[in-house]
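**Q** Residue numbers for the sequence shown follow my numbering, so the first one is 7 and each next one is one higher.
Because the hints were derived from the structure by calculation, they are not lab data. Any given hint could turn out to be false.
Claimed, not checked - Pairwise CB distance ranges, derived in the manner of DEER restraints:
hint: 1; residue 1: D531; residue 2: E337; range: 16 to 26 Å
hint: 2; residue 1: D531; residue 2: K387; range: 24 to 34 Å
hint: 3; residue 1: E337; residue 2: L589; range: 38 to 48 Å
hint: 4; residue 1: R60; residue 2: D374; range: 42 to 52 Å
hint: 5; residue 1: D583; residue 2: D432; range: 46 to 56 Å
hint: 6; residue 1: R109; residue 2: D374; range: 52 to 62 Å
hint: 7; residue 1: A579; residue 2: P142; range: 35 to 45 Å
hint: 8; residue 1: K387; residue 2: G407; range: 27 to 37 Å
hint: 9; residue 1: G18; residue 2: A410; range: 37 to 47 Å
hint: 10; residue 1: G329; residue 2: A565; range: 43 to 53 Å
hint: 11; residue 1: F409; residue 2: D368; range: 41 to 51 Å
hint: 12; residue 1: G250; residue 2: E223; range: 14 to 24 Å
hint: 13; residue 1: G407; residue 2: L589; range: 36 to 46 Å
hint: 14; residue 1: G18; residue 2: A341; range: 30 to 40 Å
Cβ coordinates follow ideal geometry from the N, Cα and C atoms, glycine included.
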Amino acid sequence: MIAIANVSGFYGDRLAAAQEIVDAHREGRVHVDVLTGDWLAELTMGLLAKQRERGAGGWASTFVRQMRDVLGDCLDAGILVVANAGGLDPAGCAAEIAAIDERAVVAWVGGDDVTDQVRALAPGQATHFETGEPIPDTPLVANAYLGCRGIVAALEAGANVVVTGRVTDAAVVVGPAAWRHGWGPDDLDALAGAVAAGHVIECGAQATGGNFSFVGELDGTEHVGFPVAEIAADGSAVITKAAGTGGAVTVETVTAQLLYEVDGPRYLTPDVVARLDTITLTTEGPDRVRMTGTRGEPPPATVKVGAVVPAGWHNEMTFVLTGLDVEEKAELALAALWAGVPGGRGAFDRVETRLLRADRPDPARMTDAVALLTVAVAGSKETVGRLSRAAVETALAGYPGFFATAPPGPGSAASVFWPILLPAADLPQLVGLGDRTWTVPPPAPDRTNADDRVRADPENERRVRCVGSSESAVRSVPLGRLVGARSGDKGGNATLGLWARDDAAHAWLASWWDDEHVAWLLGEDAAGCPLRLWALPELRAVGVTVVGFLGRGVADNLALDAQAKGLGEFVRARHVDVPEELLR
7 MIAIANVSGF YGDRLAAAQE IVDAHREGRV HVDVLTGDWL AELTMGLLAK
57 QRERGAGGWA STFVRQMRDV LGDCLDAGIL VVANAGGLDP AGCAAEIAAI
107 DERAVVAWVG GDDVTDQVRA LAPGQATHFE TGEPIPDTPL VANAYLGCRG
157 IVAALEAGAN VVVTGRVTDA AVVVGPAAWR HGWGPDDLDA LAGAVAAGHV
207 IECGAQATGG NFSFVGELDG TEHVGFPVAE IAADGSAVIT KAAGTGGAVT
257 VETVTAQLLY EVDGPRYLTP DVVARLDTIT LTTEGPDRVR MTGTRGEPPP
307 ATVKVGAVVP AGWHNEMTFV LTGLDVEEKA ELALAALWAG VPGGRGAFDR
357 VETRLLRADR PDPARMTDAV ALLTVAVAGS KETVGRLSRA AVETALAGYP
407 GFFATAPPGP GSAASVFWPI LLPAADLPQL VGLGDRTWTV PPPAPDRTNA
457 DDRVRADPEN ERRVRCVGSS ESAVRSVPLG RLVGARSGDK GGNATLGLWA
507 RDDAAHAWLA SWWDDEHVAW LLGEDAAGCP LRLWALPELR AVGVTVVGFL
557 GRGVADNLAL DAQAKGLGEF VRARHVDVPE ELLR
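All chains, please: the whole structure from these sequences, using the hints.
**A** Structure below.
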C-alpha cells in the first residue's frame with residue numbers, strides 16, 4: 007500500500023494544507039508516504055504565461071511557499087513530494103525547491119510544452135477537437151496532458167521530490183503508485199484504479215465534504231480536512247483523511263467527486279482508459295471508503311493539448327439599483343451607459359447584461375432594497391476601457407441613487423483554452439535530475455481508440471432509458487430532496503452529474519433521464535446546446551455534458567457562472583413530480 011495525500015486542488019488553495027497533513031502524519035492521525043496536489047487548471051496555464059511575462063517565473067509560487075514550510079519535515083519522515091506545480095517551467099521550479107534543503111533530490115518532468123509544434127501546424131491541423139473550428143490565433147502557450155511514466159522514471163532514479171509541468175490531474179497520484187507497486191504500462195486494471203483514486207483526491211477537499219450538496223449533514227465543514235488515497239498493489243484504494251479534521255469521507259462524498267468534470271463512463275488518460283462504470287464503493291469504517299473493481303482499457307492514440315490563445319479584452323461593471331422601479335432604473339442605466347460610449351452597445355464584440363433581484367417590498371434595511379445590474383463586455387483594450395469612462399460619467403446624470411459595487415477599471419486581457427489532439431507517439435516525456443536528462447516514451451496506445459473525446463456508451467445509455475418509473479401519486483418538490491449534484495467545466499462544455507441516495511430514487515431518476523427531460527431541467531440557459539447523456543449505475547448516478555454551454559470557456563466567458571460550478575445546485579432547485587413513496 008502507498009498512502010498519497012493531496013494538499014492542493016488548484017493554484018490558490020489552502021496554503022496551510024501541507025503543514026496540516028504533515029503534522030497529522032507526525033502525530034499519528036494519518037499515515038502519508040507521498041504529498042501531492044493539483045495546481046494546474048485550464049485557466050491556470052494562461053495565468054502562468056502572464057506571470058512569466060512579468061518575470062515572476064512560470065510556476066506555482068504557492069507550492070514553493072508550502073515547501074518552505076514542510077520540506078524539511080517531509081525529508082525527516084521519508085515523505086516524497088510529487089506535484090504538477092512546475093507549470094510552464096518545471097526545471098525552474100525544481101531549482102527553487104532544491105535550494106530549500108540540501109537533502110532534497112529534486113527531479114523535473116517536462117516534454118509537455120508543445121507551443122512551437124502547435125504554432126507550426128497548418129490551420130487545418132490545429133482544430134478544436136470538439137467543434138472542428140480552426141485555432142483563431144497564435145497560441146501564447148500550448149501544453150500536452152502527459153501521463154505518469156516520467157514521474158515513475160524520476161522516482162526510480164532516486165528523486166525524493168518530483169516537479170512536473172502539464173500532466174493529467176491524476177498522473178501525480180498514478181506515478182507514485184506505479185513506482186511503488188512496479189506496474190508496467192500493461193497493468194491496465196491497476197493503473198485504472200489509481201486513476202480513479204487520483205481523480206477523487208485531485209480537487210482536495212471536494213472529496214472530504216467540500217462543495218457537498220447536502221448542506222448541514224456533515225460536521226466541521228468550516229475547515230474541511232484534505233484527502234488521502236491508500237492505493238494497494240491491485241489498484242484498489244481506500245479514500246480517507248486525517249483523524250480530527252473537518253468534513254467526512256463517505257460513499258456520497260467520494261461519489262460526488264467521481265462525477266466531477268467527467269464526460270461519460272470512459273475516463274481517458276495517456277496511461278489508461280479507466281472505466282468509471284465498473285467502480286464499486288463500500289464503507290470500510292469511519293472516514294474510510296474503499297474503491298474496487300475499476301477496469302482499464304489501453305490508452306488512446308492521441309493526447310489532448312491545451313493551447314492558450316489570446317481572446318481580446320474584457321471589462322465589467324455592476325450598478326446597484328435601490329428601492330422602487332428597479333426595471334425602469336435598469337433601462338435608464340443602460341440607455342445612459344450606451345449613450346456615453348462612441349458607437350453605443352454595438353462598439354463591443356460581445357455584451358452581456360444581467361439583473362439580479364434581491365429587493366423586497368417595504369424593505370426593513372438597505373440590503374432588502376437593492377438589485378444588481380451587471381454589464382460585461384468584450385472587445386479591444388481601447389474599446390472595453392470606454393465602458394468604465396462612460397459609467398463614471400453617468401454617476402450624477404443617470405438613475406436615482408447611483409452607486410456601484412466597486413470602482414470601474416480598465417479591463418483585463420482574456421484568453422481562450424483551445425483543445426486539440428496530437429499523436430501520443432510524438433510526445434515522449436523529458437526527465438531531469440542533477441546534470442542528467444533523458445526521455446521516457448509514452449505507453450503503446452490503442453489504435454482503435456484514437457479520439458480523445460469521450461462519448462456516451464450506447465449500451466449504458468440504453469440501460470438508463472429502459473428503467474421503469476413509478477405509477478404512484480406524485481408531489482412537486484425540488485429535485486435536490488432526492489439527489490446530490492456536482493458540476494463543472496471542460497473547455498466550453500458544462501458537465502453535470504447527479505447521484506441518488508438509494509436504489510428506489512435511482513430507478514426513478516434513471517427512468518426519465520432522456521434528452522427531453524434533461525433539456526427542460528437545464529432551463530433556458532442551455533437552449534440549443536447539444537446534450538451527451540451518460541450513466542454510472544454502480545454509483546446510482548446519471549450525467550450529462552452540455553456542449554457549448556460555456557461558449558469558448560471560462561477565460562473568455564461573460565456569464566455569471568463562467569465555470570458551471572453552480573449548475574448542479576440550480577438543477578437540484580428545480581421542482582419535479584416525485585412519487586410520494588420516495589418522499590417518506
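**Q** Each hint needs a verdict: does it hold in this structure or not?
**A** Here's how the hints hold up against the structure:
no.: 1; hint: D531 to E337: 16 to 26 Å; result: holds (22 Å)
no.: 2; hint: D531 to K387: 24 to 34 Å; result: holds (29 Å)
no.: 3; hint: E337 to L589: 38 to 48 Å; result: holds (43 Å)
no.: 4; hint: R60 to D374: 42 to 52 Å; result: holds (43 Å)
no.: 5; hint: D583 to D432: 46 to 56 Å; result: holds (53 Å)
no.: 6; hint: R109 to D374: 52 to 62 Å; result: holds (60 Å)
no.: 7; hint: A579 to P142: 35 to 45 Å; result: holds (36 Å)
no.: 8; hint: K387 to G407: 27 to 37 Å; result: holds (32 Å)
no.: 9; hint: G18 to A410: 37 to 47 Å; result: violated (26 Å)
no.: 10; hint: G329 to A565: 43 to 53 Å; result: violated (28 Å)
no.: 11; hint: F409 to D368: 41 to 51 Å; result: violated (22 Å)
no.: 12; hint: G250 to E223: 14 to 24 Å; result: holds (19 Å)
no.: 13; hint: G407 to L589: 36 to 46 Å; result: holds (45 Å)
no.: 14; hint: G18 to A341: 30 to 40 Å; result: holds (39 Å)
The structure does not agree with the numbered hints 9, 10, 11 stated previously, though it agrees with the rest.
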